Amino acid sequence: MSLFAVLKLGVLASVLFCLVVLTVMLLQTFTFGRRPTYAHPQGSSFAGIVYAFGLGMLPWEKESAAQHIWTYAGGILYHAGILMAMLFLATVLLRISLPATLLQAVRILLIIGVVSGVALLIKRILQPHMRFLSGGDDYLANVLVDLLLLLALTATFTETMLVPFPVIAIITFIYIPFGKLRHCVFYFYTRVLFGVFFGRRGVLPHPSKKA
Amino acid sequence: MASDKDPKDPYLERIRQLKPGQLESALASFKRLLDHKTVANLQSCVNCGLCADSCHYFLVTGETEAIPAYKLKLVTSVFRKLLSLLGGLARGSEGDGALDSQMVEKWIDSLYGRCTLCGRCTLNCTMGINITRLIRIARTTLASIDLVPPGLQSTVTTAVEKGNNMGIPREEWLDTLQWLSEELQMEVGDHKAHLPVDKPGTKLLYTVNPREPKFFPLSLLATAKIFYAASESWTVSSDYYDVTNYGLYSGDDGAAGLLSSRLRESMVELGAKTLILGECGHGYNSNRWEAPEWLVAEDKFQVKSIIQIIFDYIRQGHIKLDPSRIQKRVTLHDPCNLVRLGGIIEEQRFILRNAVTDFVEMSPNREKNYCCGGGGGQLSMTRYAKRRLETGRIKADQIRKTGAKIVVTPCHNCIDQLSELNREYDLKVEIKTVSEVVADALVIEKKEK
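These protein sequence lines are chains D and E, in that order.
When we follow my numbering, the leftmost residue of the first sequence carries the number 8, and every step to the right adds one.
When we follow my numbering, the leftmost residue of the second sequence carries the number 601, and every step to the right adds one.
Computed cross-link-like contacts, EDC-like style, restricted to lysine to aspartate or glutamate with a CA-CA straight-line distance of at most 20 Å:
no., chain 1, residue 1, chain 2, residue 2
1, E, K968, D, E70
2, E, K681, E, E705
3, E, K968, D, E68
4, E, K799, E, D839
No lab work stands behind these hints, which were simulated from the structure alone.
It should be emphasised that the depicted structure is a prediction, and the values quoted were computed from it without experimental measurement.
For reference, chain E alone in the conformation it holds in the complex:
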């Protein structure tokens, strides 16, 4: 694993050997990304420092480079140098604002390496500055000169080239769906039950995190079981089913737009009515909120989270749950991209209150919840793995305080990080998706005659 301190690291070598032309190109990209909102945000920080304690990186490490206001200053100083009157007066620890290789190194270390784009600093900013947005703009600037950290870039590249971020071949995906259909038939006792593929004209087109077919097929089976119980009209695409979009994290708007457009193409090809985003926080933010901006077009169909669908099933009586089946204490981790940045806040709570007997909240929770540390592409940037696990301590403490035996979260990135935290901090908890918990509590009424 290349370290961010390794002098032989080819990535750091590339940064140090940046040519003036590349830096000018980056600066031009930065300028192009600005609009009235970002410029207003860039003009507004008063360095009150109150954002510091909102960042899990700063809280755990106490490193000043992790303070959101410092990260913001790195971006603001470049902006001021570029455009504003007497920008030099604001000069401080961030440097003089010239976008040179030293500044690029600082940008990468703080804006990729010490940020999960969780939005907690934005929520807590005294001024209301969208710090998350500005950090992503800086990432986009770096992406424009191919300086996305290698692990994160390779995830994006795999998704673009292979159609999904795990590089699962089409045949393997179809095989998985086939054997999951057989599993479903056995579970529900109905030989007609199956996971429909490329079925035209369905109500829902379901998209999944490729980690489900690759490593957690039972998550996918759980959702299929819920759809079966609700007699839903649904399908998955054989080609483009990947709900993830690491372009959100790398900052590469072109790749991000391409990945989101593929799901939309599948919607059009199959004639589905609603695009359903599987349990993936950043997949929801990307495809529900950011994709229309990347694609510069309104969606002509609804885009919903599977959480909203399950919520509706329960509320409308389409599925029955027996909470007595889950007696262990359950807590909920709120994925930042789904909750704080996505607006899906109460639905998962309603679901859990109906699916388990002992549901307890973490503190803080909902939009104020702490990031688990796995967002922002951190799980794919192995060079920052130590920091990621270290900063996850806050989440581990939150979980431990609840006394829960099961941690539920509607996000596979969070599940991966929580699983690592489970080992690292010896939490002794089970980690599940919302669908898995609902499927466990599901009362299936026999349909076959």
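Pulled out of the complex, with its shape left as it was, chain D reads as follows:
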């Protein structure tokens, strides 16, 4: 079996492992029980969920984003870069060669992603309150993902980097469920809960037209 085939299997196995553990973690939440809600709703849970994934993501709707617009933008671009790295990983494993213009776009997104990730890491290191908040997982997760993006970027230029890229991907996928990277799944869960909470209480979406 070739090294590439081994790496391909390794990535598939690590993705599978990641998905299985995350699924177990998701299901584990339900082992704590589901408490029905008894208070009569004043607004719509559904409208709240739509808000949570729509307007509620925009910086002018959220003070924490508006006041930290560069961090907000960095976060968005970082995640766009991660998504691009994942898609590029799929093309590498499936031996799909990308047209030159598309490859250029991939490179740009990966560069922006790496820069954003490193900037967020520097911010975490430099700001005293961020240092205070941070544990090992915060640094490790950031470095791991930055490396993933960086190796994805180098792999777009030279085939010699087609080995380290899947390797770091395997490590990342294995690590995801054990640290804060698990938010790739839990983010959607908590945003739904956020939408339900504020939606049924009639707080969000903002009822300014009610009166």
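Since chain D is already given, all that's left is putting chain E on it; use the hints.
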């Protein structure tokens, strides 16, 4: 006053002498309080730190122990230690996650002492984590081993034992209602006008913050005047009329449920159709939103804020207001529990636009408004009074910037805190309830023939 730094403080002594059995019991309570929602929330924080500036404690003091993400970590670390895989990787400033007396001390200092449960961090959390809910769960855990800070606990105990949080005897309450009835008759020129007590089958059962009969009877008179003008069918209970519920703040679900159930018993006994919650932010959140969960039962009647009722009166033309009577500039403080956590957002604005000539908003406002600093039981926890007044600086600055001479807020806790801020920061403003402002603008049509 016992300080949180006083080594002889008996409360701190109790914490330091916690026995393993008590800590195990607390941990068992913590586990029992978890459900799928709380566990999902506990798994989700990414330590982005963007919540820091949403907390008035952090904004004013810059103390890292005030950052919502840190408060959350205190709870999350215990959870991870308890349950999750490789939880130790997340270890940081909060400790190793063992619920020992040191962790309990941290919980108390940050989760009681640096939090008003205002929900601003929840609204601003990038992930959408209900940090407020998780902090309250930690408070409930502490309440399960009798570690609620003494001032807050005594408020709950008084309410449970005496029927209201001020410990007002029944006779005093009835006397107050009697003389307020006489005042009302004089004010409206109708000898039949009165504050009805235990009247069966009315449309509304009105509940009040006991601070009204005790210290601010004119607030109660103002509401009675509005009811009179609207020819409302209403009553108060002679026994259980206290809209407050400090069990929300202490975390004691048993006491909280008991206090809310009493209002519901009064509803059933008197056969009223709608439970009306007086101007009290946490009273609204407790009795409108949380009580059905504490009591594990849907309400069989409507539960509304007096603000919604006054809003309807104006909109439907049941009362007439003359805004020219209030010429001074007026601003509005949004109580967190009524607005951000309660969903009563626009009604009070509509009321003020109809009741005064010069209404200006604070910035930020509505669900984004800053807590005044008086919520979360802070007003009853004297050990944290210095912090409370210090963190109120944001609210004081907000008020000053409006140039308002009158600050209106539909919450007596907020009124108490704003009154203290008024003195502390020399704001030179009057502080009023919505009912008081509406009563001042009310055009009473003579009913007596």
